[in-house]
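Asker: Taking the hints into account, I'd like the entire structure generated from these sequences.
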Amino acid sequence: MARPIATPDDALLDAADRVLMTEGPSGFTLAKAAESAGVSAATFIKRFGSKERVFLRLSQRWVASLDSGLETATRGVDRPLRRLQVVALYNYHGMDDPVTASTQAAALAIDLQNDEMRGWLHVGWGHVRRHLERHAVSAVAAGDLCGAPPPAQLARLVMTAMEGGCLAWSVHPEGSLISRLTADLDALLSGWRREGSVPHDC
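Read left to right, the sequence shown gives residues 1 to 202 (my numbering).
Keep in mind that the hints were calculated from the coordinates and are not lab data.
Where a beta carbon is used, it is the ideal one built from N, C-alpha and C, also for glycine.
Some hints here could point you the wrong way.
[As the list claims (entries may be wrong)] If you anchor each label on the Cβ, the simulated ranges turn out as follows:
1. P8 - R75: 25 to 35 angstroms
2. G27 - G147: 41 to 51 angstroms
3. D78 - G27: 40 to 50 angstroms
4. T22 - G164: 39 to 49 angstroms
Answerer: Structural data, given as structure tokens:
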């Protein structure tokens, strides 16, 4: 008799991610993730061991997807300033509802309490910062951000505005998260434009 085909890890992690986004870290259980995946809880326990290991694997998978995801998102975008904006907003498009945003904020708290998960968050944010820095250099060269601070500082400021804006919106979710973050990002970047500048006028 042929052995049944095992459910791939990614399918189990997809199910776990769905439960995490609806239930939050405190409401997440391996049993709920297993039910969402259509497998037994024993399968999850055998594959991952604990819900903390599931969270860790989700973090690692997110980090592993970032570079290719950011490259795909910016492919075909003609101006470097626009590419910078795409990168800045990349991680928030799936969070444009209060429940998801609040569960993401709760997941961030879990990340900060665990050294290994905090380390992976640091790696992931590092990927985003490097993409922001690269497009910032190009935007300055194109004459779009003549008054910008050094690229590393610009990237930190942009990420701070986006993460802080997302957290604030999750507390008081008025309007659209993406609209809020886009407006905040535009306001931040507009302060670094030189009045009347033209390309290569930096």
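Asker: Indicate, hint by hint, whether the structure satisfies it.
Answerer: Each hint tested on the structure:
Judged by the Cβ atoms, the range 25 to 35 angstroms given for P8 and R75 holds: they are separated by roughly 27 angstroms. A C-beta distance of roughly 46 angstroms is found between G27 and G147, which places it inside the suggested range of 41 to 51 angstroms. The beta-carbon spacing between D78 and G27, approximately 44 angstroms, falls within the hinted interval of 40 to 50 angstroms. The given range of 39 to 49 angstroms is broken by T22 and G164, whose C-beta atoms sit roughly 24 angstroms from each other.
The structure fails hint 4 only (numbered hints given earlier).
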